[in-house]
Amino acid sequence: MARATFISDPTGAAASALTLEALRDVPPRSHRELTRIALIGNPNSGKSSLFNQLTGLNQKVGNFPGVTVDRKTGISQLTAQHRAEIIDLPGTYSLYPKSLDEKVITDLLYDQTSDQYPDFVVVTVDASNLRRNLLLFTQLADLGLPAVLALNMMDVAEQHGVQIDIMALQQELGVPIIPMNARKGVGIAALKIVMSRQLGAPTRSFYAPGEDLLPMIRQIRYYFNLHNDYLALHYAHQFRQISFLSADDKAYVAELVEKYDFQPTPRQAQETIDRYARVNEILLNTVTVVRTEKNEPYSNKLDKVLTHKVWGYLIFFGILFLMFQAVFAWASYPMELIDEGVTWINQLVQTNFDGPLVNLLTEGVLAGLGGVLIFIPQIALLFAFIAVLEETGYMARVTFMMDRIMRKFGLNGKSIVPLISGVACAVPAIMSARTIENWKDRIITIFVTPLMSCSARIPVYTVLIALVVPPTKVLGIFNLQGIALMGLYLLGFFAAIFSAWVLKLILRTQNKSYFIMEFPVYRWPRWKNVGITIVEKVKAFVFQAGKVIVAISVILWVLASYGPGNALEQAETRVRATAARQQLSAEETDIRIASEKLESSYAGVFGRTLEPAIRPLGFDWKIGIALITSFAAREVFVGTISTIYSVGQDADMRTVQQKLAAEKDDNGQPFFTPARAFSLLVFYVFAMQCMSTLAVVYRETKGWKWPLLQLLYMTGLAYASSLVVYQLFK
Amino acid sequence: MSSRSAQVKPNAPRSVKDLRLGETGTICCLQDPEMALKLLEMGCIPGTAVRLNSRAPLGCPITLVVGDDDYTLSLRVSEAATILLKD
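For the protein sequence lines, the chains are P and L, in the order given.
Per the working numbering, the very first residue in the first sequence carries number 1; after that it's consecutive.
Per the working numbering, the very first residue in the second sequence carries number 1001; after that it's consecutive.
Bound conformation, chain P alone (with noise of 0.2 Å):
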């Protein structure tokens, strides 16, 4: 009867039908106050679609207080004069964390002091998987949370034959049920009413601890003050991991635990055992399955072919060669117009505006800024694609396919996505590990993925290839400048992997790689939750990665403009001295100039200290400018090779590759030998150069240990690199 009413009533005056004891008839809080409401529920029982439906693009994400993990919140109005504060909780089975996610959930919701401690929660449940879902409502009952039910996903139940008497289900449940199917936003209207009414404790308790617990739970209580003996237990269970416990606390508590031989082990696995029990009950009494026929599941059906040894591999495969596309070469249009775009601001203020501040502001903040934004269709292309794969499931089967091969290397099934999307940007591509939930997995796959060659290095790969690599056909069908391009790619994936073999031998951590995990079924994307994840990773990258990464462009350009006391100008003098006697045109004087004052410039000045320590790797002082400047972004290395290379040359030399050809070692030979040319290559394999990564890392590990870390040894192995093959070349 109340299904009915669900299916036929999508606006929601089916809220007002509900006639509950728990619904107390309070009216609605003044708009002045905003209730701060948490989304819980387990993985997959459609918890995102829900934030979204309730808060749009309203959302945030920010931290938690203390804790290093992601913290989305947003405002949902919720009627015309009633907001909220929406904190969306990271999906979990239950309210024993584990994992540094979970975790969160229950820092939150054991400090009933703290300011973020939430009014109430909505709980978000798979109405077609009723069992398991409601074994962490009962828990979050048991913990006195005024709360409301979400049953969600009414129409998949349905097509199982899962029927509900709603009804019923509140009365054993003692919280108010709004049926909805968030994905299609059915059920909202409701919601929202039930969330701006003021909302009582649950009434019904669902598991009571042992009786010989009590004298241990009363104690834990007292001392800490709590109302109820459900928390207090897990005080007991968890009180070396709440993060605002004292250590006197946690002692206190230890010695109670010592006193009392609680055993946290299988108390846990029978209280789980004693919840199934009792929501098996209410279940019987409140939903029938009627099973039409046994139709095989067109789930199983798509896995026959996704999942298959051959098929499923070459499906993989075919899809992340069209991501691969879309990243490297749709995203070039888009790329295209922001570069263009960027360079007519800049000429706009250069033309218009005079003085040090606009070089500030160009060469500096703008430069910077370009290349922050050049990586917005990049990683929006990317995201999209792994928003898609997330929300059909498709990702969870490629984790599975997956697993064994990567394992061996330390990484997981799901490091894939981010190694291959490396070979495109390693930015967007670390961004995407965040779907690795292993911490040390996750840790390893942002470690290496900067080994993969990304599309920056071509510019380098290509002016020093066709500088010492001769275009000879080998075997009649492959070239040879084409094979040692090759061989550039996959020297930096085998790097990455061997790093990350080493990695997973060296690194230690406590919490076990599982692989346990929901098989969720294929389902159509919403495209609302594809679009809102695009705007949400391109404002984070944006905002976040963007201030480092602005602030680096600042520091360089100041490196690169000025010089200790006035040589720039000495320089600039010297270079329209000679440049006079010479009759050089006034381009050809502006390039001169640029080189001399970029030679005298504090980065000169750098390149030159820097020189003893490249020499043995067959570098002189001018690559060293260009590795300075270049570590901003290896695009920047052809820019500033060419800049450099263009003292004492003929004007008609336009090509960068000329230039290179042309330049002199002191015995007069040519300067770019193979050996230099390959030491050259390799060290832009290996080296860290881009500070847009190492941006990226700090935002995603939150802290300056990995990319430091990382910074050395990628700096480290393509120094060694480079020594090796200049000594043995040379």
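Any given hint could turn out to be false.
[To be verified] Computed from the model, here is a short list of chain L residues facing chain P with C-beta under 8 Å:
1) Asp1018
2) Thr1026
3) Pro1033
4) Ser1054
5) Leu1058
[Said to hold, decoys possible] Which residues of chain L face chain P? A partial, calculated answer using Cβ under 7 Å:
6) Arg1020
7) Cys1029
8) Lys1038
9) Glu1041
10) Gly1043
11) Ile1045
12) Leu1052
13) Ala1056
14) Pro1057
15) Cys1060
16) Pro1061
17) Thr1063
18) Leu1075
19) Val1077
20) Glu1079
[Unchecked claim] Calculated Cβ distances over 10 Å to all of chain L for the following chain P residues:
21) Ile75
22) Leu135
23) Tyr223
24) Ile315
25) Gly370
26) Phe519
27) Gly565
28) Glu663
29) Tyr713
In short, the hints are calculated from the structure, not lab data.
Each residue gets a CB set at the ideal place from its N, CA and C atoms; glycine is no exception.
Since chain P is already given, all that's left is putting chain L on it; use the hints.
Okay, now just chain L, sitting in the frame of chain P:
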């Protein structure tokens, strides 16, 4: 006295790892305590029927259908070995 031909000990309890594709068994008990907590929360309660649904192309991980909820769980073979079956 032990013979090399006896590859399976007669009294060795079967685990979920030993199920054939499509075969259903009933969970008797869970061995690894830490893993057991996770498995229990995911619905692998003693007395529940589980069916070996599929294997990954390289034999590991596997997927199980738990109970009659059409709920599919994926786990590694080493993890499946800790779920013992009733005779």
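Evaluated hints:
no., hint, verdict
1, Asp1018, "violated, 18 Å"
2, Thr1026, "violated, 15 Å"
3, Pro1033, "holds, 5 Å"
4, Ser1054, "holds, 6 Å"
5, Leu1058, "holds, 4 Å"
6, Arg1020, "violated, 17 Å"
7, Cys1029, "violated, 11 Å"
8, Lys1038, "holds, 5 Å"
9, Glu1041, "holds, 4 Å"
10, Gly1043, "holds, 5 Å"
11, Ile1045, "holds, 5 Å"
12, Leu1052, "violated, 13 Å"
13, Ala1056, "holds, 5 Å"
14, Pro1057, "holds, 4 Å"
15, Cys1060, "holds, 5 Å"
16, Pro1061, "holds, 5 Å"
17, Thr1063, "holds, 5 Å"
18, Leu1075, "holds, 5 Å"
19, Val1077, "violated, 9 Å"
20, Glu1079, "holds, 6 Å"
21, Ile75, "holds, 32 Å"
22, Leu135, "violated, 7 Å"
23, Tyr223, "holds, 26 Å"
24, Ile315, "holds, 12 Å"
25, Gly370, "holds, 44 Å"
26, Phe519, "violated, 4 Å"
27, Gly565, "holds, 66 Å"
28, Glu663, "holds, 52 Å"
29, Tyr713, "holds, 30 Å"
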